[in-house]
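Chemist: Sequence:
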Amino acid sequence: MKSVHMLRLIGLIVVMAMLAMAAPVTALTRFIEIDPEEGTIGTTVTVVGEGFLASTDITDRYAIMYFSSEEASTVDDIDSDVTIYEIVRDGIWLDEDGAFELDFTVPDELSDGDDDEAVVADTYYIYVCHYLTTTTPTVSPRIRAVAEFTVIGGEITIDPEEGSVGEEVEIIGTEFTDREDVTISYDDDEIDIESGDDETDSSGEFICTVFIPESTADTHTIKVTVGDSEAEAEFTVEPEVILDPTSGEAGAEISASGTGFGRRSDVVVYFDADAVATAKASSDGSFDETFTVPELDKGIYDVEAEDDDGNLDTAKFTITVPASTQPPEPTPAPGPAPSPTALNISATSGKVGSDLIITGAGFEAAGTVTIKFGDEVLDTVLADASGIFVAILKVPSRKAGEYPITISDGTNTEERTFTLEAVPPPIPEPLLPKMGVKAKTPVIFDWESVTAEAEPVSYALQVATDKDFDEGSIVLEKTDLVASEYATSESESLELAERETAYYWRIRAIDADENEGEWTGAGEFYVSKSFSFPKWALYTLLGLGGLVLFAVGYLMGRRTAYYYTF
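Numbering-wise, the numbering used here puts 349 at position 341 of the sequence shown, and it's gapless, one number per residue.
Calculated directly from the structure, the hints in this document are not laboratory data. Remember, it's a predicted structure, so these values are computed and weren't measured experimentally. Hints are supplied without guarantee of correctness; some may be wrong.
Said to hold, decoys possible - Computed beta-carbon distance windows for the label pairs:
no., residue 1, residue 2, range
1, P464, G554, 57 to 63 angstroms
2, D122, T144, 42 to 48 angstroms
3, E240, G318, 38 to 44 angstroms
4, D488, L440, 16 to 22 angstroms
5, F219, A393, 23 to 29 angstroms
6, D89, F219, 24 to 30 angstroms
7, R424, A374, 20 to 26 angstroms
8, T141, P44, 32 to 38 angstroms
9, P464, V276, 50 to 56 angstroms
10, E176, R272, 39 to 45 angstroms
11, L440, P464, 54 to 60 angstroms
12, T113, G318, 54 to 60 angstroms
Ideal placement from N, C-alpha and C gives every residue a C-beta, glycine not left out.
Model the full structure from these sequences, guided by the hints.
Modeler: Structure, rendered in C-alpha cells:
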C-alpha cells in the first residue's frame with residue numbers, strides 16, 4: 009500500500025515538473041528608473057533602462073529619449089500625442105540584455121517638437137522609443153517606457169543687493185510654474201509686493217518691487233514662493249542716519265533717527281567728531297534721538313552714528329548762523345559782514361571722471377546755482393527753500409593741474425581750488441633709426457606704440473643737431489602724430505642730407521587730455537647723402553654728348569655722298 013502511495017506522489021511530481029517546463033516564460037518587464045526624480049534646470053539625471061529590444065551578434069538595437077511637458081503613456085505616440093519635447097539622448101545602444109544606463113542634463117527649453125516651450129518649475133515626462141531595424145534609421149513613434157521628473161526651484165535676481173531700510177528692491181523671477189501666485193518673504197515673514205507682478209506669466213516669469221522692512225545691519229534672506237517652488241537671494245542691510253532738519257542755527261534741537269544698526273545696541277551720535285547723544289537701538293536696529301547743535305561757526309559738518317559693532321553712517325548738517333560770541337571791541341571802521349554761505353566739496357583733488365559731491369547752504373532760497381570748473385559750466389542746480397543744494401558731478405576731462413571751482417547764485421559766490429591728477433602716458437621705446445647708424449632717405453622713424461588712461465594717444469617727434477635739443481638746434485619737429493612711425497618728406501630728406509655730422513632724435517606721447525609723457529633719450533644717427541652730379545660734370549657730359557652726335561652725323565653724311573657717286 010505504501011508503494012502505491014509513493015508511486016502516485018512521484019507521478020504527481022513528474023507531471024507538475026513537465027507542466028512547469030511547458031509553461032511560457034514571462035517576458036521581462038520594460039521600464040526605466042531615474043535618479044534623482046526632481047531637480048532644477050541643468051541637473052544631471054541618471055537613467056537605467058531594462059527590458060528593451062536586445063542587440064545580437066548580427067543586429068544592433070538603438071533607442072531615443074525625449075523630455076516633455078505633455079503627459080502620455082505606452083499606448084501613445086511621439087509627434088501625434090506628444091508634440092512638445094526636447095530630444096535629450098539619441099542613438100542609445102541597447103546591450104545584449106536589452107538594457108542601458110546613461111546621463112542627461114535637464115534642458116532649459118523644449119525646442120525639438122512642433123512648438124517651443126521654456127522649461128519651468130513643473131512636472132515633466134521622460135519617454136523612450138525604439139529605433140526600427142531598417143536600412144535608414146527610423147524612430148518607431150510608440151512610447152515604450154515612461155518616467156516622471158519634477159523641475160523645482162526657479163531663479164531670482166534682486167537689484168540692488170545692498171542698501172538701507174526702506175530701499176526699493178526689484179525682483180526678477182524666471183523658470184517658475186506659469187500662472188501661479190507669487191509670494192515674497194523677508195527672513196520668513198511675508199511682505200507686500202509694492203508694484204509689478206503678483207503672479208507668473210505664461211513663461212513662468214515675473215518682475216516686482218518690494219521695500220526692505222526694518223531690520224538690523226546684517227545679511228537677510230528674500231525668498232520667493234511660486235506654487236511648490238522656492239528661490240532665495242540675500243540682501244545686506246546697511247546703517248542709515250537721517251537728520252531733521254538738515255540745517256539750522258547753533259543751539260537748535262535736532263532729531264536723529266537711524267535704521268539698520270545692531271539689535272538692541274548702544275548708538276552714539278557724534279557732531280563734528282564730538283559725542284552729542286547716545287541712543288538704544290530696538291530689536292530691529294532702529295533708534296530716534298534728539299540733540300542740541302553745538303556752538304560752532306557756520307559751515308557744513310559731519311554727523312555720525314555708530315553702534316557697538318562698528319556699524320556707522322554719516323549725514324551732513326549745515327549751521328547757517330555762527331555761534332554767539334561776545335561783541336568785539338569797537339574798531340574805527342568795522343569790516344564787511346562775512347558771507348552767509350557755506351560750501352563743502354567732497355574732494356580737493358582727483359582724476360578725470362571721479363565723483364565730486366558739492367553741498368552748499370545759505371544761498372538764495374529756491375535760487376539757481378551755477379557750478380563752474382575753470383571756465384566751463386558743469387551744472388546748474390536749484391537750491392531748496394532753505395538755500396541748501398547738493399550736486400553730484402564728474403570731474404571733466406582736462407590736463408593735469410589746478411582749477412578753480414566757482415559756485416554762484418548771482419548774489420553769493422564761493423570758490424575753491426581743485427587739483428586735477430593724471431598719470432601721463434609711458435615713454436615709448438625707440439626702434440628706428442638705431443643708435444649710430446647711417447640712415448637712407450627718406451629717413452624712417454619708428455617706435456613702439458603706448459596706451460594711456462585718456463585715449464587716444466598722439467606723439468611728438470624732434471630731430472636736432474645737439475643732443476640737449478637746444479631751441480636753435482632743432483631741425484625737424486612734428487606733433488599730433490597718430491601713428492607710431494614717421495617718414496621724412498622729400499624736402500625734409502634733402503635738408504637732413506646736407507649734414508655729415510650726427511643728428512639726434514627723440515619722441516614722447518601725449519594723451520587725449522594733453523598730458524605729456526617724458527621724452528625718450530636722445531638717439532644718434534647719420535644721414536647718407538643722395539647721389540647727384542655737380543653742375544660742371546653735367547655740362548661736360550652734355551658737351552661730350554653733342555660732339556658724339558655731331559661726329560655720327562658727319563660720318564653718315566659722307567657715307568651717303570659716297571654711295572651716290574657710284
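Chemist: Run every hint past the structure and note whether it holds.
Modeler: Hint check results:
| no. | hint | result |
| --- | --- | --- |
| 1 | P464 to G554: 57 to 63 angstroms | holds, 60 angstroms |
| 2 | D122 to T144: 42 to 48 angstroms | violated, 23 angstroms |
| 3 | E240 to G318: 38 to 44 angstroms | violated, 27 angstroms |
| 4 | D488 to L440: 16 to 22 angstroms | holds, 21 angstroms |
| 5 | F219 to A393: 23 to 29 angstroms | holds, 28 angstroms |
| 6 | D89 to F219: 24 to 30 angstroms | violated, 49 angstroms |
| 7 | R424 to A374: 20 to 26 angstroms | holds, 24 angstroms |
| 8 | T141 to P44: 32 to 38 angstroms | holds, 34 angstroms |
| 9 | P464 to V276: 50 to 56 angstroms | holds, 52 angstroms |
| 10 | E176 to R272: 39 to 45 angstroms | violated, 27 angstroms |
| 11 | L440 to P464: 54 to 60 angstroms | violated, 23 angstroms |
| 12 | T113 to G318: 54 to 60 angstroms | violated, 46 angstroms |
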